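Heads up: the protein sequence lines correspond to chains S and A, in order. Using the numbering used here, read the first sequence as starting at 1 and increasing by one per residue. Using the numbering used here, read the second sequence as starting at 736 and increasing by one per residue.
According to the in silico footprint, chain A covers these stretches of chain S (three or more CB under 8 Å from chain A):
#1 696–706
#2 716–726
Computed list of chain A residues with no C-beta within reach of chain S, every gap over 10 Å:
#3 F784
#4 T796
#5 K898
#6 G948
#7 E1109
#8 S1118
#9 I1135
#10 P1186
#11 H1189
#12 V1195
Hints are computed from structural coordinates only; laboratory data are not their basis. Note that the structure is predicted; figures quoted are calculated from it, not measured. Note that CB positions come from ideal geometry on N, CA and C, so glycine has one too.
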Amino acid sequence: MISIMQSIIATPAGQIDQLVDIVAPTWAQFILWMPLISLVLCGLCAALKVKTKAPAIITVISLATSFVLTLMLYFGYEGAEVIHIFEWIHVHWNGGSFISDFALYIDKLTLLWMLFVTGLGTLIAVYASEYMEHDVGKGYARFFAGVSVFLFAMSCLVMGDNLLMLYLGWEGVGFASYWLIGYFYQRPAAVAAAKKAFIVNRIGDLGLALAIYLIWSTFGTIQYDGISTALAAHNNDAATFSAFGGWTVHAIPYLLMLAAFGKSAQLPLYVWLPDAMEGPTPVSALIHAATMVTAGVYLIARTYPLFQLDDYALPIVAWVGGLTALFAATIGMAQYDIKRIMAYSTVSQLGYMFLGLGVLSSYGAAYHVFTHAFFKAVLFLTCGAIMHGFAGQLDLRKLSGLRKMRGWKIVSYTMLVGCLCLAGFPFTSGYFSKDAILAEAFVTQGSGFEILGWLAIFTAGLTAYYTFRVWFRVCCGPEYYEPGDELHGDDPSSFHPHPPRVAINFVLIAIASGAIIAALPYFMDNETKGINGGWVAEMVHDSPARGGVPNAVVAVVDGEHATAHEGVANAVVDQDHATHGSILGMDPHKAMYYISGVVGMIGLGFAFFFHLARRKAADSLRNKLLASRFTRWLPIAMENKWYVDEFYIAVIRTPLWILGKLFALIDRGIIDGLLVNGIAGTPRAIAKWFSPLHNGAVQSYAVSMIGGAALVILLMMFMPEIMSFLQSTMIGATP
Amino acid sequence: MLDRLWFLIPEFILLAGAMVCAIGGISTFAPIRKRVGFIASIFLVIALFSVPYVYGQTDYTHPETMLPGLGKYIKMMAAFVGLLLVATSGGLIDRGYERAIGAGKDRFDPLRANSGEFHALLLLSLTGVMLICEARDLIWLFLALELVSLPTYVMVAISRWSKTAQEAAMKYFFLGALSAALMLYGFALLYVSTGTLVLQEITEAFSAQQNNGGLLVIAQVGMLLAIFGLLYKIAAAPMHLYAPDVYQGAASAVTAFLAFVPKTAGMIAIILLLSTVGWEDGLPPAIEMALWVVAVLTMILGNIGALLQRSVKRMLGYSSIAHSGYMLIGVIAGPELGLPAVLVYLFIYGITNTAAFATLASLSRGGKRVDSLEDIAGLYTTSPLAAASMSVASGSLLGIPPLFGFWGKLLLFAAGIAAGQISLIIVAAVSSAISAWYYLRLIGLSLLSNPHNHGERTKVTLRWPLAVAVVGACISIAGPLVLEGVMVDAKEAITLPESELAMSLPSLEVDDERE
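All chains should be built: construct the whole structure from the sequences, respecting the hints.
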């Protein structure tokens, strides 16, 4: 007990100056510090009420520096390494310790994530510098401070060398997300959305906190290196782990999963993400599409070996992902707000990523994260540009023919690029990354993955449909618009759309090009022989996502089908995964090119028919469905998001609210009224009782002092006599 | 003889400073008169830096005192906190008088100028604290304690020209004399029971008595009487009654002085006296029980008394009573963990308490000294700096993590638990929780509440005390970074000559394990 206390006491001094083991490039830590510096400067700008675009310039420069440093780190990469910054938490006690350094762990998975996080972060900050300009001098600095906080936290999350760093970043991005969703804090909807995002995420965060605790208690460390060493020592096998881990090794993946589902908006915790669109659009693009929501994918990829310790963990991830993809796609089909459609599409695409992780295609998942970051960012940013130009109008029924309007060409065509990628149009980046996941669903056998594969293919068709529904409605057809309600004092009758200027157009082109180029890594040669999937596969290969130790699972993860085909399977963990599945009697990898291409084209065709060629048909179809008693539930339920929010309110929020009121009553009546006030009142009553003692007369003080001293001394001196006297009288009284 | 004198160099420096201040204060040359406080500070700085030099010399051995290492820690602490205290009283004495002379409305009269005397007395009192560490016999101890106390009586009297201050000085003097008599009676009984006045010989006599079946009753009574006399100095129950009145009556700067200097002196004297009995086999039950009762009473009465006060100074006065109670836990716990914790706590308490009183000293409302809770309501509107330092100081006194005060309390409570004094720790924790009420009230009033509408706003009128408050608040925040160093120093200070066991510090070898 005492030694614990003393070691706690000994630590706050935190020998910050002891920068030990500097072997790795120390400048790499500035990837982390640059956003923090930017935060401080933006905070200063806010405090000094700067009325210029200085916060944007500061943020862009610092994020660009981070990006350049990440590039330097990537090109100078020689192998996974730990960059020690300072000792953070060191608690020792007899026979145990808890160590968490503020250190960075750089491997290729980290670099993959950091490249698009800092790269897109920089570009979106440039975009925001123009997008947010109506707030210059008001919330401008606050906005960029929020972006800086986010980038700092995200860097911690991705680059940290232990789970506590990840947790710091995890909470940090959650906080930044809250900050930025609630940016327009005058709007009740924004405040409600911010709260919802934060509270729903807490459920996941609880899982992460518990998982970290269990990992520490099972493996004795929370450092990635330490965990893989511990795993390697036990041959990555649940059976041998149960010797000292017991149930914990089985609980850990589910808790981590809960965290990932919360942050990455999967069933059943996805409800916060669509509402998060209340934030400014650059935030939606950066945090709620490209980067933060992929943190769950990162978490699972980073702790992949732990998921393989339980037989059902990864299949559950796959099923949740697949069902989320389908579910969100059906909702997205029936929405009219284009930003909301993109939000549901994000949930759906994240579902694909989890499906990829679940069916042991961590490479596919990572690749989809990578391509999705680009094409979803460009889609959101075009939505933002439209919103910006049409005074907040986002209803696809009230916008049409944007392609032909002056100054909207770049927006229209970059949106087309994004839509093509999202729809999985052949030879776009989204096509390759989605195919990698879909094919793997058929390759990896077990737990109904084949059904899941067909569901995912069906979802791909829906995706193509709702994506092009947006593009055909908004960008094609006759020119028509109605301004939204954010007119900033303009008269609705004299309203003219203001097309985006240089900064936004530049960023749109840059990210759209990125979305196109993101197809290239698939064909790029990689240094490691024997893996297909190109550059991204290599990035994943060199990380725990591949699996820290050789086993059958890893062989499939890598796509090393050569070995799997030959039946060379170290079938310790999962014999099912060792055999190679097929689709309709063909090799899934080849067949999927055709199947998903065709499905995508079908979806696109439907969209073309209903939303460009004969727009009236869509409305009449909806009316027909509504007219029939048997089918009317379908459009209503889809348009109302399957009533999930209402369900949660009825089943979770209302009972909790009632319980809360009840507790409040108990608290106020019994605990506050009787206990607390009673306890608090006692000392005051005593104080009142004692106050006559302090009557200010020196004589009475003297008497009290001497009397008190005499009393205590006499008591102490004659204690034995008093005790024996008392005893004797007691004994004398009893008989 | 030379050895003894060598270790008294810091005291001599302060004594010289006192002389210079006393003479400088009646100089006809106004700039010198006005800078007496500055002169006193210079001597304190010299004394502060002389301590490590003096104790760093290996040519001189330190004979015959009970705790040879104690001087280094206490003298540095006294000089450092003394500096803060001198700055706190900056602008207090002779302010109006000097202004009148400057404006040509009055003439300088050495008999009416108090600044020199005040600073000389302040330095003399600090000299007394330092001398206690070097006490080798009871006579020395008594004289040093009186050197601490006597100047404070005068300081209270001349700090304010008001009836309350004079009344406070009178009470303080009378009751002080009474307690000194009690202590002297105790010393006499100790002499009777051991036949010597030298502390080390008393130790030997006591161990002889212990071997013969326990301390003589007369020795125990003597020890208890002496300790009760000393309890007056640390304002512990039942000798605490004077504290609220005197603390309220004196000017804030002097109150800060009273709350630290005599308390330090009393604490060290108690530690020295008890070390003659030794903690190795536990204190004699009568003494331990008496201290237990005193500690419990002090904590409870101090914290409960503070609850109903409307005067901030009175409230802080009661709070300082409670802090004595916490420190007594360390005294009971013994040399291994408890006494170092007491020394660390004295340092932390000295700084944060001085910061709290310095904030009050810097403020005035409508030309009057600030005292009531209404005066500090909404302080943040006129002086955010004062409000912030007040809040930090209160938070540290309450022991909110991670402020300095929290670590001090943690050390004391940990020592108590290690010594098995669970009941004492429960009382401490409960009374500490009660204390949250009035400390948080200070924070809430100064940071959150609205200023009272009627009357003038409270303003900062004196800069030096505010500077002290800010420095104290900064130390309260940044202090935990140097906590380990302070702990090591405190451990070194408490090194009982006989028991080498106390030297082994298992807790502090965390660093080695870490490798």
